[in-house]
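So the sequences go chain by chain: D and L. Residue numbering for the first sequence follows the numbering used here, starting at 451 and increasing by one per position. Residue numbering for the second sequence follows the numbering used here, starting at -3 and increasing by one per position.
Think of the hints as simulated: they come from the structure by calculation, not from any bench. One or more hints might be untrue.
[Stated by the list, open to error] Each pair of labels, with its calculated beta carbon distance range:
#1 G177/L x L659/D: 45 to 51 Å
#2 Q186/L x W666/D: 37 to 43 Å
#3 Q130/L x C461/D: 27 to 33 Å
#4 L616/D x R62/L: 53 to 59 Å
[As the list claims (entries may be wrong)] Sample of chain L residues with no beta-carbon within 12 Å of chain D, all distances over it, derived:
#5 E9
#6 E21
#7 Q108
#8 H121
#9 I195
The beta carbon of each residue, even a glycine, is placed where N, CA and C say it ideally should be.
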Amino acid sequence: MTRPGMWDALCGVVRRDLLLAMRRRSDAAMPVFFLVIVASLFPLGVGPEPAVLRTIGPGVLWVAALLACLLSLGRVFTADYLDGVLEQMVLIAQPLPVLVVGKVFAHWVIAGVPVVLLSPLLGMQFGLDGEAVAVLALSLLLGTPTLSMIGTIGAALVLGVRGSGLLVALLVLPLYVPVLIFGAGAVASSLAGVGAEANLSLLGACLVLSLFFAPWATAAALRIALE
Amino acid sequence: MLQAVALSCMRGERRLFVDVNVTVEPGTLLTVVGENGSGKTSFLRILTSLLSPEAGAVLWQGQDIRQLKEQYYAQLTYIGHLNGVKDDLTPVENLMASAGLTGDHHSNPLVQDALESVGLKRMVHRLPTKVLSQGQRRRVALARLWLSTHPLWLLDEPFTSLDTASTALVTERLQSHLRGGGLAVVVTHQEVALPSDVIQRLRLNG
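Please work from the sequences and hints to get the whole structure.
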């Protein structure tokens, strides 16, 4: 079911959010910096033993990517809520879940895509071989949109609440755990020579499931937040 | 035609208003007045369906707006006490973005005309909105009225921080909207300088 204008509205949301991110580049780049810093500090802290780094690498990179995503969640709706743009978004003639998909997509482009693109480089820092690096990038490509999808539910739920940053973490971290396990598991199993297909399929399933449910849940949470 | 039927509103433990009945006919304006905290903004937000009433219903052309949802939003232009304007974008970008959401594609000249109609000179069209004054930002928000083709306007204190000249411009725009058969509900402390036969007044007592 597509209505006239639905696609326009979706593109409108994405375009505006990307434009805003361009105006505030330092804010938008913060999660990526965070990822790079964490991933670079670990080898310094743990020591340069290649075998150790290769073992912890997938887990460390996935945890860092997950926290980087969490770091940027606060900004998804807060500004729109404070300046009244969110009210306007709720009151247009398109279904709210469609606009939420636009917001999530923009968040993923700003916070998720750079992580995916940087991951091969960071993977090599941990001494991962070619195949493992490819699996790492692929698992992040499947996993980061899921993180954005689930995260926006939490971000919408705590809108207008004091100390919302900590609350978002508490709310969404349990839901992030399966994604983390499958993501890091994919790279680890590829390193162990078992093949990453099973874990990657599970990541794909998580993505489809969150694509299906998260926009509705987020839209409902936004309406409650505006009351 | 917009009808409020037996509307009651509670905020927390406080009862703001009970059993408000009012009908707004095409071509007329309803002004909502009352003391601070008497529930004027809540009343307007109930009319937009952002807020659910404790009891009663809002009808648009005889149908409950909670059932109409997007069909109702397609008839509606709402300007709240928040401007809905992004500080990092220029006035032109702001209007283009909000028009993009509603699916109206306005050309650049059309948007600039709207901004000029509300008294914003071309000089400020390309500045980020954050460097503008409070009144100028309000005017950016109100410029949406010049682009709106929707029959129902719901405005929350549209004249705050506007100078007399801009107030007159907005009042003029309201008048032409009403002449074209539009409806408007305006929450305001000021008198709206329009002929008394098109104005209906609702007083809320907190």
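The hints, checked one at a time:
1. G177/L x L659/D: 45 to 51 Å: Cβ of G177/L to Cβ of L659/D: about 48 Å, so the range 45 to 51 Å holds.
2. Q186/L x W666/D: 37 to 43 Å: Cβ of Q186/L to Cβ of W666/D: about 42 Å, so the range 37 to 43 Å holds.
3. Q130/L x C461/D: 27 to 33 Å: 32 Å, holds
4. L616/D x R62/L: 53 to 59 Å: Violated - the Cβ-Cβ distance for L616/D and R62/L, about 35 Å, lies outside 53 to 59 Å.
5. E9: 16 Å, holds
6. E21: E21/L clear of chain D: closest Cβ-Cβ about 22 Å, beyond 12 Å.
7. Q108: 18 Å, holds
8. H121: 16 Å, holds
9. I195: With a cut-off of 12 Å, I195/L remains clear of chain D, as the shortest Cβ separation is near 25 Å.
Hint compliance for this structure: hint 4 is the single one not met.
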